[in-house]
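Q: If you want the building blocks of each chain, they are given just below.
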Amino acid sequence: MRKIYYIARKEIYHILRDPRSLMIVIAMPVLMTFLYGFAINMDIENIRLAVVDYDRSTESKDLIDAFYSSTYFSEPRAAVDQGDSEAILKSGDAHAVLVIRPGYGEALRTGREFALGMFIDGSDNNIAAAVQNYSQGLLLTSALELLPAGQVSGGIRLTTQVLYNPDLKSAQFFVPGLIALILVMISALLTSITIAREKETGTMEQLLTAPVTPVQILIGKIIPYVFIALLDGALIVVIARIVFDVPFLGSHLLMLLYSLIYIGASLALGILISSLVQTQQVAMMFALTATMLPSVMLSGFIFAIKNMPPVLHGISYIIPARYFVRIIRGIMLKGAGAEALIFQGLALVGLMLIMMTIAARKFKMKVA
Amino acid sequence: MSESAVTIDRLSRHFGQFKAVDDISLTVEQGETFGFLGANGAGKTTTIRMLTGLLLPTSGVGTVAGYDVFTESEQIKRSIGYMSQKFSLYPDLSGRDNMRFYGAAYDLDSARITRRIGELSERLGLAEFLDRPSGALPTGWRQRLALGVALLHEPRILFLDEPTSGVDPVFRRRFWEVLYELAAEGVTVFVTTHYMDEAEYCDRISIMHRGRIVELGRPFDIVRQHGQANLEETFVHLISAEESRNA
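Going down the list, the sequences are from chains A and B. The numbering of the first sequence is our numbering, which starts it at 5 and goes up by one. The numbering of the second sequence is our numbering, which starts it at 1188 and goes up by one.
Warning: the hint list may mix true and false statements.
[Said to hold, decoys possible] Covered stretches of chain A (in silico footprint by chain B; criterion: 3 or more residues with CB under 8 Å from a CB of chain B, positions within the stretch not fixed): (1) 12 to 24; (2) 211 to 223; (3) 340 to 351.
[Unchecked claim] Simulated pairs of lysine-lysine, DSS-like, Cα-Cα distance not exceeding 27 Å: (4) B:Lys1273 <-> A:Lys203; (5) B:Lys1273 <-> A:Lys366; (6) A:Lys338 <-> B:Lys1273; (7) B:Lys1206 <-> B:Lys1273; (8) B:Lys1206 <-> A:Lys338; (9) A:Lys366 <-> A:Lys338; (10) A:Lys203 <-> A:Lys65.
[What the hints assert, rightly or not] Sample of chain B residues lacking proximity to chain A, with all beta carbon distances greater than 10 Å (derived): (11) Asp1196; (12) His1201; (13) Val1248; (14) Pro1278; (15) Asp1294; (16) Arg1329.
Calculated from the structure, these hints are not laboratory results. Predicted model only: the values in this text are computed from it and were never measured. C-beta: ideal position from N, C-alpha, C; glycine also.
Turn these sequences into a full structure, and let the hints steer you where they fit.
A: Written out as structure tokens, the structure reads:
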């Protein structure tokens, strides 16, 4: 125990005496939170919408007003040819075309079922997804409001509400992903680099000629990073709460518990990487590839996992961040309890054990 | 328990097909200063790594301080001090902090660590350099500091892998004076070097070539046996003879 304590204390000295690592540890999470929160705004507004109105009723005019009076949609750049929806999209004058077939007003008045048409320019899939979401929301709320008095259908009022993130604010999606990203980077990247540094400079070898076991060295070196990762996680949550109004509905204790599990899995990844490489440079590239890329692209942080091609979908199952993004969103945005997140927790523990086993085997082979 | 500090009998270490150390045997007595010579890549460092518990041999028998290199590396580590050819202390920590850290690694209590730091800094003339970051020290001082760390737990056997490479002659001389003092106190010194004048200071030497020991004995005897003027000539003569035999 005393040796582990001294190794951990030495590691803290290393961190404190190297201003660069201090910068990475404290400034990077803060910087990235602001960057993601402010600079990358996924809230898409002023989508240019063309309307082709064949109905020309009071109801259809009200519907068009409802669309244009929202902040999401605006009128097309140029007056559009009323006939050809495809030509409108091709010209780029509008991102989407709403087609109101004749009979809309009639259907609304008589309470019949009616289908409106919407053509969406799919070449920018972010905008396309936004148009779908926004217009569906608009139709469901506005169309019902537009019902003439007395036509309110009995008890079966269709009420929809976009749950958890009613305004679809980006910060609420980004912050959980950002926590997952920062924690894996601190835990896996920094530990793999610091272990590789001891190998590269020969201090690992010197230390192993003393009566110290590799396990003691690893545990001692890891401990400071567990605390740094937790501190960074807390820092991001505080900034998210204060600056970006991201809610924290669930239990802080549960969050801490799951964060520790996730940090454990990330550290296992870092140790695994350091068991495969000899220099800091290689460790850094390896760790960046193994943490940053998959944690951003395949975790559901930015791109929805369910829309991925089968291969990437399969790969996402071995990315720890995939589970942790779900966990944080569950705890922070939905106030989910432990029972709802058991699968994710077990998956992380499983991943951690697998990576630890491979790393341990790798290390034994080297000594033997 | 054998009386010898190091015994090696038919020890080998293979890396795949490559025989880094090929069937070597030698014995080093307690208190002896033993020079372990050979060209680069001859297998010296591999041998030292096996004797210090960093690497398991492929086959053969070896004991260090009476402990088996296969099964008792923990006891071996407590009995030996090791200094590698690369400066391998923490450059961002001061000499004193490096020593404190290694003291803890060797399970010394803090009173003993403080006492040893005092003794060693006096013996090695380190006092004024002890509180600077060790990475900022000139090479000679760094090597002395590394020797201080290796001696912290008062080991009976010292393994030095090219301890004086890149150090100026005055520092080398002073370094060897310390080694002599240690030998006089009964510490066994097992040292590799490329400097033939240093090898001549040793009680006995071995010369390694391609994983095998090609010569073993007192420096003076070896020189005379081969009819050469000095150890340097003998070394070159031996290695080129081996090279042409293998060609």
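Q: Hint by hint, say whether it matches the structure.
A: Now for the hints, and whether the structure bears them out:
1. 12 to 24: holds (count 5)
2. 211 to 223: holds (count 6)
3. 340 to 351: violated (count 0)
4. B:Lys1273 <-> A:Lys203: holds (12 Å)
5. B:Lys1273 <-> A:Lys366: Measuring from Cα to Cα gives roughly 25 Å; hence the hint holds.
6. A:Lys338 <-> B:Lys1273: Status violated; Cα separation ~55 Å.
7. B:Lys1206 <-> B:Lys1273: Cα-Cα ~24 Å, so holds.
8. B:Lys1206 <-> A:Lys338: The hint is violated at about 63 Å.
9. A:Lys366 <-> A:Lys338: Measuring from Cα to Cα gives roughly 41 Å; hence the hint is violated.
10. A:Lys203 <-> A:Lys65: violated (73 Å)
11. Asp1196: holds (21 Å)
12. His1201: With a cut-off of 10 Å, histidine 1201 of chain B remains clear of chain A, as the shortest Cβ separation is near 13 Å.
13. Val1248: About 18 Å separates valine 1248 of chain B from the closest Cβ of chain A, which puts it past 10 Å; holds.
14. Pro1278: violated (8 Å)
15. Asp1294: violated (7 Å)
16. Arg1329: Arginine 1329 of chain B clear of chain A: closest Cβ-Cβ about 13 Å, beyond 10 Å.
Hint violations for this structure: numbers 3, 6, 8, 9, 10, 14, 15, all remaining hints satisfied.
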